[in-house]
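Letter by letter, the chains look like this.
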Amino acid sequence: MGKELLTATAGETLLLLGNEAIVRGALEGGVRFVTCYPGTPSSEVPDTFFRLSQGAPYYFEYSVNEKVALEVAGGATLAGLACLVTMKHVGVNVAADPLMTLAYVSAPGGLVLLSADDPGCHSSQNEQDNRIYARLGGLPCFEPATAQECKDMARDALLLSRELETPVMLRTTTRVNHVRGPVTAAELPSDVAEKPFVKNPAKYVPLPASARPMHQRLLGVLEKARAVAETSPHNVERGQGEIGFVSSGVARNYLSDVLAEDGLEGTVRVLELGMTYPLPEERIAAFLAKCRTVVVVEELEPVLENDLRALAQKRGIEVAIVGKGEHLPRNGEYATANVRAAVDAVLGRPAPAADTLAVPGDLPRRPPNLCAGCPHRAAYYAVREVFGDEAVYSSDIGCYTLGFLPPFRAADFLLCMGSSISTGAGFARASGKPVVAFIGDSTFFHSGITGLIDAVAYDHDILVVILDNRTTAMTGHQPNPGVDTTIFGENPNPVDLMALIRACGIEPVKVNPLNHKATVAALQAFAGQRGPRVLVAEYPCPIHARRVGQAKKTLPARVAGDPESCLAVRDNLACPAFAMEAGVFTINAEQCDGCMYCVQLSAAIKPGKKEAR
Amino acid sequence: MNRARIFLTGVGGQGTLTATTLLARTALDAGLPVTSGEIHGMAQRGGVVESTLLVGGYKSARISAGEADVLLGFELLETLRALPMLRRGGFIVSNAEAVQPVGVCLGRECYPPLEAVLDTARGFAAGIVMVPAISLAEQAGTAKAANIVLLGAAAASGALPFDVAALVRSVEKYLKPKIVPLNLKALELGAQAAATGQAA
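Order-wise, the sequence lines are chains A and B. So for the first sequence, this note's numbering puts the first residue at 1; every next one is plus one. So for the second sequence, this note's numbering puts the first residue at 1001; every next one is plus one.
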């Protein structure tokens, strides 16, 4: 998606990814300040803002982590600017500390927090339901289900936030972030009124004495938001009868398709909630009162379900409420299949017999893999060679988590972003075993550095390998504080990773992981030492290097000697460019990145000739 | 057909998502309501890439097992893996050629034969079209156009809610001018192959 997001006029229809639609919606809401930490499924939102940032009417940054992102925007909204802060669901955990007080302090310029949840764990370590954060922190919450709604609700969330001067959550899920559909644009504001900051410490500094009235004020704000929800166009009722369905988020789509396809539309009552917190209690109570049975269709936690049960009890409404159970689980994603099962059960309809093809369960797998030429593969190879199965490997979050797979098996445990050093340190202290912690450059800046400071302060016995590929590769090659180059050229203010580690009190050793001999030598020296140690394995991600025009032109490797003698390299390096052709080991010249690592491991592998490519 | 759930599957780097978006634009230009879904993230490191295209007024962009009217497989093994998505009487258009997964490359696993797809789906699918998409794309100028070859085959065999001419207009309208002639050739080769690639 090019500049259309910045230029489309009212009424124009664009085919947009849900995340692109959020960008357009925020622009229609007058956003002037955008911060983030990237993470699937949220990343296309900040990446689009970044790509369009030259000459755009907003400030943009990839913050060092989610906490910093929310705090930086927290300052900007106090200064009067309309802000958008984006992150994936687990990122909100990192930002939870400022988030829990932000609504007390207020957001005079407006602030929308995009929480991109991941039911089904498509690319995450858990499937937590961040609608609970909205309730915990006192944030009104919107839950879009289509690309058009992503646009409309991003805009309306920001406008409501500015009006009530309170932060608002836009809560999406993977299927919504990555839906693609037509979006009709509305007008972009030509001018956004300034809201200059007026000093008022009693209003903005939550000392105990001021925090108590601030909480009181917030509860009042939430009642105003509740009044908005009562009449919000994002909450829609339809149909008739004694059986009702209340639904939110992407589950609304599954319900609609089932009712339409099975000819039930109009025969049951449906309440779709797009603005889901604060609960429009009057509206829901009126809906419940019209029904004998109400089914709550929402993914993950029984958030609405419990709210409805409490509301029915409080108002003395006699209605059977059906929620989490046999057909509607508390884990994983929903789909038409399980929503149909719930609909059939409550309507007493026979469940249709399954009629699907079966395929063998032992088909060759196609797991995601480290790319050909990936410097992480080389680093893992060398660490395995020196430490083998003896050491325990503490892993972290990034492409390098794929070192989990054989042949490297270089991930024995993992908690969250930045945990490898601290968790590894604790394991080493408790077990006395040698521990190697792997962490990427972006993750180290994100929250690994605090673990390193702890390791120095308490002399934890851990070897930290910083896999510095000069970018944030896993989420789409976003810049981080240490990078040299972005798509807009040289980074004017790079943070010096080596100096940072030195300042913590450790003399790090830097190697090029694609230099096998030097890397093994450095690791062997470290193996004989104790205490906190840091190896920086620095080599740019080849995909990133190509994108910023810094890739070196190299020839592919080829098998020049006896292929049989290369089989150990094949099995222990497992490069995607390796192949067996008619039972003979070979290197696929198309796939080979020319990193020349395997050339260092076997005398039978040589750099290819020019005509080979 | 003006209402269809289309399930697309392939391997990272094959242009599955580009093809999906091109189909979505074609449907929109034909005045058909459309919603499409894709999963990003881990899939981009050589893994399986699945996407969906729902034409004709569906709200959900997700397809459950047994719901797909059309299965577009950009890679043979992934077509086989995705067969449970197909509904009885649905249509399969697949690349007959392989992108070998690492376990097969290294001789640890066996790549299933073309017959595995045919034998499983015959009698259940209303039609199966197999085309050598990679070879035909190379004939058009680059293996990268295999995705467009498959779209040409799908449209020509009547699996899509629009014809080859609509795809031709989309290629001309939405792809970079430099690569339009090559992709038009790919469409044409795919469409021709569909006529001879009817396998069931």
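Accuracy of the hints is not assured; some may be wrong.
Said to hold, decoys possible - Just so you have them, the derived chain B footprint on chain A, three or more residues with Cβ under 8 Å:
| hint | segment |
| --- | --- |
| 1 | 169-182 |
| 2 | 328-342 |
| 3 | 350-360 |
| 4 | 447-460 |
Stated by the list, open to error - Below 27 Å or equal to it, Euclidean Cα-Cα: the simulated DSSO-like pairs (lysine-lysine) are:
| hint | chain 1 | residue 1 | chain 2 | residue 2 |
| --- | --- | --- | --- | --- |
| 5 | A | K609 | B | K1144 |
| 6 | A | K3 | B | K1173 |
| 7 | B | K1173 | A | K553 |
| 8 | A | K195 | A | K224 |
| 9 | A | K552 | A | K517 |
Unchecked claim - Quick list of simulated restraints, FRET-style, between CB atoms:
| hint | chain 1 | residue 1 | chain 2 | residue 2 | range |
| --- | --- | --- | --- | --- | --- |
| 10 | B | E1172 | A | I487 | 25 to 33 Å |
| 11 | B | K1178 | A | C416 | 38 to 46 Å |
| 12 | A | A527 | B | E1115 | 48 to 56 Å |
| 13 | A | E490 | B | G1158 | 24 to 32 Å |
| 14 | A | A286 | B | R1122 | 33 to 41 Å |
Rather than coming from a laboratory, the hints here were simulated on the basis of the structure. The model shown is predicted, which means the values in this text are computed figures rather than measured ones. A virtual CB, placed ideally from N, CA and C, is assigned to each residue, including glycine.
Status of the hints after comparison with the structure:
1. 169-182: With 7 residues close enough to chain B, the hint holds.
2. 328-342: With 4 residues close enough to chain B, the hint holds.
3. 350-360: As far as the segment 350-360 of chain A goes, the hint holds, because 7 residues have Cβ atoms under 8 Å from chain B.
4. 447-460: violated (count 0)
5. A:K609 to B:K1144: With a Cα-Cα distance of about 24 Å, the restraint between A:K609 and B:K1144 holds, given a limit of 27 Å.
6. A:K3 to B:K1173: Judged against 27 Å, a Cα distance of about 17 Å means the pair holds.
7. B:K1173 to A:K553: Not OK: B:K1173 and A:K553 at ~34 Å, beyond 27 Å, violated.
8. A:K195 to A:K224: Measuring from Cα to Cα gives roughly 21 Å; hence the hint holds.
9. A:K552 to A:K517: holds (21 Å)
10. B:E1172 to A:I487: 25 to 33 Å: This hint holds: roughly 29 Å between Cβ atoms.
11. B:K1178 to A:C416: 38 to 46 Å: holds (45 Å)
12. A:A527 to B:E1115: 48 to 56 Å: holds (53 Å)
13. A:E490 to B:G1158: 24 to 32 Å: violated (54 Å)
14. A:A286 to B:R1122: 33 to 41 Å: violated (55 Å)
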